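**Q** Sequence:
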Amino acid sequence: MHPMTQLSFVELYRKYYNQILYHTSISKHSLRKPIAISKTYYTPKMIQKIKRIDDENLEGYENTSFFRYGPMRLAHKIYDSEFLLEMETSYKYMKKMDISKCFYNIYTHSIVWAIHDKNYAKNNTGINDLFGNFFDKKMQNSNHNETNGILVGPEVSRIFAEIILQKFDVNLALNIESNCSLKIGSDIDFYRYMDDILVFQIKLKIWI
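For the sequence shown, the positions run 1 to 208 when the UniProt record's numbering is used.
Wrong hints could be hidden among the right ones.
As the list claims (entries may be wrong) - Simulated crosslink set (EDC-like; lysine to aspartate or glutamate; CA at most 16 angstroms straight-line): (1) K203 - E88; (2) K95 - D195; (3) K167 - D187; (4) K77 - D187; (5) K137 - E11; (6) K28 - D169; (7) K92 - E177; (8) K138 - E155; (9) K183 - D169; (10) K138 - E11; (11) K28 - E11; (12) K167 - E88; (13) K96 - D196; (14) K101 - D187; (15) K95 - E11; (16) K203 - E177; (17) K101 - E11; (18) K205 - E177; (19) K96 - E11; (20) K15 - D129; (21) K183 - D195; (22) K95 - E155.
Calculated directly from the structure, the hints in this document are not laboratory data.
Bear in mind that the values here come from a model prediction, so they are computed numbers and not experimental data.
Please take these sequences and the hints and turn them into a complete structure.
**A** Here it is, written out as structure tokens:
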């Protein structure tokens, strides 16, 4: 991403940080999402003065991004976590899958659909200060005005995708319970780290 384009996202964070935090908090199935604004940063010299440091907590404090992320900041932390141990104890089967070419296939207008709905998006396309429209336009501008696909790499792209994917989480959970006769949290559960999904099941049943 061009440095000038990066600077343009400062306005997005300044104006809409509360909306970002809200719309990335609706899914209980997301393992990496903005959970707060970062406030503390330890320099190496400061770290040396601390006698005992928990690695996972240090990662949260040593955050140079605008937002603090959780509950799993780094993907590899999942596989030696108490969370995974608990899930493996509760469920007999685990399946890992991913959303193929996730960022390349994101349609930027879908941010408004995720936040509101398609009819609302169609009726409010001209409202530039609407959070979804504003974010949509910024992402287009960062990628040569393309609406198909978003840039891979920038943290703001992950936030953009996370808002959309949280809506996916909610819809998927509803679909499983209504169409597959399975209860989320007992028969089956799933968790998503960006575009990677872990599915846990009591009985091996094809549902997706």
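**Q** Each of the hints needs a verdict: does it hold here or not?
**A** Verification of the hints:
1. For the hint linking K203 to E88, the alpha-carbon distance of about 13 angstroms falls within 16 angstroms, and the restraint holds.
2. Simply put, K95 and D195 have alpha-carbon atoms about 14 angstroms apart, close enough for the 16 angstroms limit, and the pair holds.
3. Taking the CA atoms of K167 and D187, the gap is near 22 angstroms; set against the 16 angstroms cutoff, the hint is violated.
4. Between the alpha carbons of K77 and D187 the distance comes to roughly 25 angstroms, so the proposed pair goes past 16 angstroms and is violated.
5. Taking the CA atoms of K137 and E11, the gap is about 13 angstroms. The hint holds against a cut of 16 angstroms.
6. For the hint linking K28 to D169, the alpha-carbon distance of about 8 angstroms falls within 16 angstroms, and the restraint holds.
7. At roughly 19 angstroms between alpha-carbon atoms, K92 and E177 are farther apart than 16 angstroms, so this suggested pair is violated.
8. Proximity of K138 to E155 is assessed by CA-CA distance (about 14 angstroms); at most 16 angstroms being required, the pair is judged to hold.
9. As the CA atoms of K183 and D169 are separated by approximately 15 angstroms, the hinted pair is consistent with the 16 angstroms bound.
10. Between the alpha carbons of K138 and E11 the distance comes to roughly 10 angstroms, so the proposed pair stays at or under 16 angstroms and holds.
11. The hinted pair formed by K28 and E11 fails the criterion: a straight-line CA distance of about 28 angstroms is larger than 16 angstroms.
12. Restraint check for K167 and E88: the C-alpha separation of about 26 angstroms exceeds 16 angstroms, so the hint is violated.
13. In summary, the hint linking K96 to D196 is supported, as the alpha carbons are separated by about 7 angstroms, within the 16 angstroms threshold.
14. Pair hint K101 plus D187 does not hold up; C-alpha atoms about 29 angstroms apart against a cutoff of 16 angstroms.
15. Taking the CA atoms of K95 and E11, the gap is near 40 angstroms; set against the 16 angstroms cutoff, the hint is violated.
16. Taking the CA atoms of K203 and E177, the gap is about 15 angstroms. The hint holds against a cut of 16 angstroms.
17. Taken as a hint, the K101 and E11 pair is broken in the structure, with Cα atoms around 28 angstroms apart against an allowance of 16 angstroms.
18. Straight-line distance between C-alpha atoms of K205 and E177 comes to about 13 angstroms, which keeps the hinted pair within the 16 angstroms bound.
19. As the CA atoms of K96 and E11 are separated by approximately 37 angstroms, the hinted pair breaks the 16 angstroms bound.
20. With a C-alpha separation of about 10 angstroms, the suggested pair K15 and D129 falls inside the 16 angstroms cut-off, and the hint holds.
21. Using a Cα cut-off of 16 angstroms, the hinted pair K183 and D195 is violated, with the two alpha carbons roughly 23 angstroms apart.
22. Restraint check for K95 and E155: the C-alpha separation of about 27 angstroms exceeds 16 angstroms, so the hint is violated.
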